[in-house]
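Build the complex: two chains, separate frames, hints provided.
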Amino acid sequence: MNTSKITIRGLYKIFGNNPHLALEHVRQGVDKDTLLKQHRHVLALDNINLDLQERNIEVIMGLSGSGKSTLIRHLNRLLEPTTGTIHVDGDDVTTMNTRQLRRLRQHKITMVFQKFALLPHRTVLENITFGLRLSRDTPTKDITQKAYYWLNRVDLKGVEHYYPAQLSGGMQQRVGLARALATDCDILLMDEAFSALDPLIRTDMQDMLLDLQSELHKTIVFITHDLDEALRLGDRIAILKDGALVQQGNAQDILLRPADDYVRRFVADVNRIKVLRVEALMQTNQDALATNTPDADSLTVTAGSDVQTLISRVLVSNPTSIWVVNDAGEKLGHISRKALAQTVVAEPLRATLQ
Amino acid sequence: MDWLEDFPQMSRESLRALQKSIDLGYREFSRNYGEAIENFFDPLLQFLVGLEKLLLATPWPIVILLLAAIAWLGSRSLRVVAGVVICMLAIGFFGMWEDTMRTLSMITVCTLLSVALGLPLGILMARSDRARAVLTPVLDVMQTMPSFVYLIPVVMLLGIGKVPGALAVVIYAIAPMIRLTNLGIRQVDPAVLEAADAFGATAWQKLRQVQLPLALPSIFAGINQTIMMSLAMVVIASMIGVKGLGQPVLKAITNQYFAMGLFNGLAIVLLAIVFDRVSQHYGKRLQKYREETGQ
Ligand SMILES: Nc1ncnc2c1ncn2[C@@H]1O[C@H](COP(=O)(O)OP(=O)(O)O)[C@@H](O)[C@H]1O
Ligand SMILES: [Mg+2]
Chain A
239 MNTSKITIRG LYKIFGNNPH LALEHVRQGV DKDTLLKQHR HVLALDNINL
289 DLQERNIEVI MGLSGSGKST LIRHLNRLLE PTTGTIHVDG DDVTTMNTRQ
339 LRRLRQHKIT MVFQKFALLP HRTVLENITF GLRLSRDTPT KDITQKAYYW
389 LNRVDLKGVE HYYPAQLSGG MQQRVGLARA LATDCDILLM DEAFSALDPL
439 IRTDMQDMLL DLQSELHKTI VFITHDLDEA LRLGDRIAIL KDGALVQQGN
489 AQDILLRPAD DYVRRFVADV NRIKVLRVEA LMQTNQDALA TNTPDADSLT
539 VTAGSDVQTL ISRVLVSNPT SIWVVNDAGE KLGHISRKAL AQTVVAEPLR
589 ATLQ
Chain B
705 MDWLEDFPQM SRESLRALQK SIDLGYREFS RNYGEAIENF FDPLLQFLVG
755 LEKLLLATPW PIVILLLAAI AWLGSRSLRV VAGVVICMLA IGFFGMWEDT
805 MRTLSMITVC TLLSVALGLP LGILMARSDR ARAVLTPVLD VMQTMPSFVY
855 LIPVVMLLGI GKVPGALAVV IYAIAPMIRL TNLGIRQVDP AVLEAADAFG
905 ATAWQKLRQV QLPLALPSIF AGINQTIMMS LAMVVIASMI GVKGLGQPVL
955 KAITNQYFAM GLFNGLAIVL LAIVFDRVSQ HYGKRLQKYR EETGQ
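Here the protein sequences line up with chains A and B, keeping their order.
Reading the first sequence from the start, the letters are residues 239 to 592 in the working numbering.
Reading the second sequence from the start, the letters are residues 705 to 999 in the working numbering.
The shape of chain B in the complex, shown without the other chains (with noise of 0.2 Å):
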């Protein structure tokens, strides 16, 4: 009755054989298309570089007021500008605005990125059952698989830096956009789409003029899950040598700084609460039916 008593494992060598076999098959991909990879994200690795050098070299004041005015262009609202500029002086005030400015244009690359491969995915999802049924697992997967386990393969792939680092935060961070594009898509009243076909509209036509505005609401919510979820992933992409408000983190738990990690975790917080408002009310606003009709 051993094998009640002990689970019938397979045995520690063919086990180690497995995994082993594995890494050395992934390295192999690695060795042999890793520079091809490489260059293909050269591009992504420019826009990184670039942006962050530019929201470096800009001075802060200039900096502050462009997100003012973002703020300002996305919800028209003086109590969120107001909000953005107090969140943002703190920030510099606490002597945090490099690292900020670093995680800030991570995040921007991130996000668009996201939403530039996940709309189109959701839209996939949307239309095909069984494009659904592929991807649904899939994301399944992805938002369940703790997050330190995709630095693994992009690190094997493509070593430490900003490009890793931002496939890994995209990787975690894309799902909700796919998931709530499909939503919002396969939300929308049938009988409306109905009446589109009606009047001879084209599969194209339904999807820019009826599905896509009707998906808006469902389609921010997950663009602003999106950029929550970057932020959050951005503090254990700096594992792998991203640079921004992750890093004093990670130092301040290898080293017991508790106020070090304080302070750099309220301005992830600062940040978030930057996006989501802008985000949120820049969404609502695009949706001006509802507000109008009381919805």
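Here chain A stands alone, though its shape is the one from the complex (with noise of 0.2 Å):
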């Protein structure tokens, strides 16, 4: 399960007329704002290590300009590193020549674009077939079947003749997705993609991707600059900062141990009590445990439900303790009302519990 899908190690990309030799600076501790003003080359990305896991979403998330698409378009090299390795599947991309790179992009990697990049010309159903015509290696036949049964998937039944342009944006996307999946590839790449939507439509955008996963269980690496899309979607989330990597981890890793305050920053605004789960709060050890005995007035939650559910039960049944069990109904820890007030009050207040 844990097996590396993606491999990227000492990844740099200057953009400039000459990124090596302003590599050579950043090499010698010439910092991102410097290397800007006095040589006149961007930092786009710093030193990138990240392993991206086989059947995860991984999530890359950052504020605008901290390097997002530049990394995912390494991925498959739309752009050339100026420095680094990427290995995929155990190969590396970077050393790869123009046909084994045509290849890896036909059959292995595919993408989803932040604003569609569908053909105009072309009806839904020719978008669809795009990629898999590219490669010759399907017989028409069986393209136009994919076709259709991705077409389904998707909920676009029906504006199949139709052409880009005349459908809404969260319809467009579902095509550029169907585009990507017809292609079979074990790694779809997302960079933004819902980012163009609607809130409502964005939703639902999710929900199918989320769906989708739960059966096809590609490997998603899914670009966001929105930290509620990333809990939501993501398996894990990687933040970038300035083209470097500041945290990597899942949801319950960023939230209650920001690496920095960039993290810290981008967590504030965050509904926490929806995402946290409650084994996040609790005390395992034997002195919380062997004081606090339950009795009929405790209660008791499963390890898994999030704090949103277990502070509404609280509110309702007042209990005299709080305790975490497993499916079996072990006991594996406490909560104090202390850890969970602290939860629910945001970072400044946080204080005035001590």
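A couple of the hints might just be wrong.
[Claimed, not checked] Derived pair list, reagent style DSBU-like, types lysine-lysine, alpha-carbon separation capped at 35 Å: (1) A:Lys395 / B:Lys992; (2) B:Lys724 / B:Lys947; (3) B:Lys910 / A:Lys353; (4) B:Lys992 / A:Lys346; (5) B:Lys910 / A:Lys379.
[What the hints assert, rightly or not] Short, incomplete list of chain A residues facing chain B, as computed with Cβ under 10 Å: (6) Arg247; (7) Leu316; (8) His345; (9) Met349; (10) Phe351; (11) Lys353; (12) Pro358; (13) Leu363; (14) Leu372; (15) Thr376; (16) Val397; (17) Pro402; (18) Pro496; (19) Tyr500.
[As the list claims (entries may be wrong)] Between beta-carbon pairs, the in silico distance windows are: (20) A:Glu318 / B:Met943: 34 to 42 Å; (21) A:Pro377 / B:Arg831: 28 to 36 Å; (22) A:Asp375 / B:Met943: 55 to 63 Å.
FYI, nobody ran anything at the bench for these hints, they're computed from the structure.
Here a beta-carbon is modelled for each residue, glycine too, at the ideal position from N, C-alpha and C.
Quick look at the structure:
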């Protein structure tokens, strides 16, 4: 389960006339700002080391300009790295020749774009078959059949002969998704794929993606600048700042143990109680387990439920103590009221509870 | 202070000598290679002569029917077809049928030639910034140079007749074809091109499936302009023996026959309208997606 599908090591990307010279400066400790002001080069990726695991939705997050798009475009080498390696299923993408690269893009890594990037002169059906026809590996009969299959999977039945501009944004991006999925690639790159959509449509698309993923188990690299989206979709989240990786972990890690102030500010506005799970709050040391014993008025919650649910139950039943149990009913830990209160309030107020 | 009042020009003799040496050099060139070049262009001559003969030999109702059919295939518009038929009938009624057929065949060949040469050059110019850097000034010169000037080297090389006429027309009219092909391809949304790359398209697949179809509006504007410019040049080319509607115009100028010039001029205008409407409608029809989506 925990196999790395994409392994990035020592990846730098510098934009400018002489990136290799600029790289020397960076290695000698010149920082991003100085490089831009004095050397007129943009340090877009700064020594990225990152593993992206098989069958996961791996989110890459960061503010605008932090290098997300640059990073994802290296995975299928739409951009050439200044230095570094990227292994996909063990093969180094950075050393592939044109032919190998085309095979990689046709059969292994596919992509969904922020602005959809559909072919405006082709119908929905023709757009979905675009990738399949390029490789010439699939017989025409199968191509049409496949296209209709994916058309139905993304709920676009009936519009197959429309042109993209006749569809709403949400529908266009479903065409984009179908076009990518029809290639049967294991890896799906999604660069802010839902960012251009209205909030409601966006949630629908997230649901559709989660639904598809529960069955397809692709390796999805999903870029977003929206933390709610990241928390909702990501099995793991990697956070970029100014081209450097600052933290990678699951939602609980990022919320509870932010690596630095940048991450802390990122997570400040998140509705934590919806995301955090009860295990994150419980104490498991022997003292806590021994001194507090469950009684008739105590509350038990199953591990894995979210804090929001717990709070609503606490407010209703006003228990004497709160216990986390596993599915078999065995006691795992205890949650203090103070810990719960600290979770609810925003960070600046938290100190007043100490 | 002489040099302030009179421009310090090279002496009359040396200027003459310079021009003479250029002319001599060119004459030398045309004496040595003229025949080879003439042979090279022989297929073009056959084509020009053949098409003209065919158009002249075909009974006029059939030609009109054929033109109507082409107009219909191109435009799918009854109005355009009716317009074409009326224009041709008017031309025939006023006694300009034969000259019009000659011009028609000339224009057809020149346009085909311009497209066949201009499209690849435009693609080259779009794909390589170096090619663009070379071609842009050349095209600028070609378009601003007075069109009569083209006649001189062509005549020196190939003499008077259809082939030099066609060459002069093509040199004059090809520029917009090249320019607008380049422009159309360069204007294609880079996001769509990136998508084609991301799905593993080859350069050729990208050109055929993405760039050319999306550049079509611009390419068709180029074809349209090329046709219009060929029509304008045909009159000038009549000075070097291209038969057709241009010759009566020329005659009208030298003899001050106003009505004659007007009629033949109007015939050229009618031909221009016919070509323009049919090619524009065809260009639009090729982009059905734009119509249906109201873009
Ligand atoms: N082609 C380019 N030339 C120069 N600088 C670039 C280029 N592409 C991106 N950059 C710069 O690299 C940085 C990262 O950009 P990008 O990867 O697009 O960020 P994000 O997707 O996170 O918003 C930005 O500072 C951007 O200005
Ligand atoms: Mg971006």
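Hints, one by one, checked against the model:
no. : hint                            : verdict
1   : A:Lys395 / B:Lys992             : holds, 22 Å
2   : B:Lys724 / B:Lys947             : holds, 31 Å
3   : B:Lys910 / A:Lys353             : holds, 19 Å
4   : B:Lys992 / A:Lys346             : holds, 34 Å
5   : B:Lys910 / A:Lys379             : holds, 23 Å
6   : Arg247                          : violated, 23 Å
7   : Leu316                          : holds, 6 Å
8   : His345                          : holds, 8 Å
9   : Met349                          : holds, 4 Å
10  : Phe351                          : holds, 6 Å
11  : Lys353                          : holds, 5 Å
12  : Pro358                          : holds, 6 Å
13  : Leu363                          : violated, 13 Å
14  : Leu372                          : holds, 5 Å
15  : Thr376                          : violated, 13 Å
16  : Val397                          : violated, 13 Å
17  : Pro402                          : holds, 8 Å
18  : Pro496                          : violated, 33 Å
19  : Tyr500                          : violated, 29 Å
20  : A:Glu318 / B:Met943: 34 to 42 Å : violated, 56 Å
21  : A:Pro377 / B:Arg831: 28 to 36 Å : holds, 32 Å
22  : A:Asp375 / B:Met943: 55 to 63 Å : holds, 60 Å
Of the numbered hints stated above, those contradicted by the structure are hints 6, 13, 15, 16, 18, 19, 20, listed in ascending order.
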